[in-house]
Structures are given as C-alpha cells and as structure tokens.
Amino acid sequence: MKRDAHLAICAIAFFAYTYLRDPSHSEITGYAFIYAFIAAISGSIIPDILEPPTNWTHRGLFHSKRILKITGTVFLLTALMKLYIVSSFFLGYASHLLADATTKAGLPD
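Here the sequence shown stands for residues 48 to 156, where the numbers follow this note's numbering.
Keep in mind that the hints were calculated from the coordinates and are not lab data.
Backbone N, C-alpha and C fix where the C-beta goes; we use that ideal spot for every residue, glycine too.
Subject to a maximum C-alpha distance of 30 Å in a straight line, what follows is the list of computed DSSO-like cross-link-like pairs (lysine-lysine):
#: 1; residue 1: K129; residue 2: K116
#: 2; residue 1: K151; residue 2: K49
#: 3; residue 1: K112; residue 2: K49
#: 4; residue 1: K49; residue 2: K116
Restraint ranges, calculated between C-beta atoms of paired labels, are given here:
#: 5; residue 1: G107; residue 2: H72; range: 33 to 43 Å
#: 6; residue 1: I59; residue 2: L123; range: 14 to 24 Å
#: 7; residue 1: Y78; residue 2: R113; range: 31 to 41 Å
#: 8; residue 1: L108; residue 2: R50; range: 13 to 23 Å
#: 9; residue 1: S71; residue 2: P99; range: 36 to 46 Å
#: 10; residue 1: I81; residue 2: M128; range: 16 to 26 Å
#: 11; residue 1: S71; residue 2: M128; range: 18 to 28 Å
Please put together the full structure from these sequences, using the hints given.
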C-alpha cells in the first residue's frame, strides 16, 4: 500500500479516535492535538521506515500479526490510561498494519 493511503487511513482513524475520546472538545487543547496528530502520523510511517518497501517481500517482523496484536494492546492500554499522545502513536502504527492486512500480501504470522 502506498504511503499516501497509509497517511489518509491514519488521519481518519485519528480524527475518529479524537472525537470519541473528547466529543465536547474540552479536554484536548490545541498543542496536545497537534502533538498527538504528529505522533499518529509518525506511527503510521514507522513500519515502512523499519522495513522499507523496496520489494514485495519487505513485510517481516515489524509488519506481522504479532506486532499488530502488541500495538493494538498497547494502544488500548494507553488510551484507557488517557495517554493521548502515546496512544495516538500506537493508533497510527496499528492503522498501518490493519491497512496492510487488507492487501493481497496480507501480514505474515
């Protein structure tokens, strides 16, 4: 999947998460929102930095179902602890892996 698609999916997931976390827009300040958005975008591109998509077999450990389970769990735990910026990073990483899971190549075990 192309980087633009990963960024778009991450942005949609981030805005949905932000709205669900604070629908009244009273908790999340401007700077926290900006930092969290940067963290989410960073999380969504980290897998391809760690394993560059130079060929079709680039999906190794950092693109695996095991890492998806770990990042999903860490996202949920940090979201429950109200660590907004940290949870946004893991949301971005998980959104990248979920998007890759929908492709023909999928994710390795």
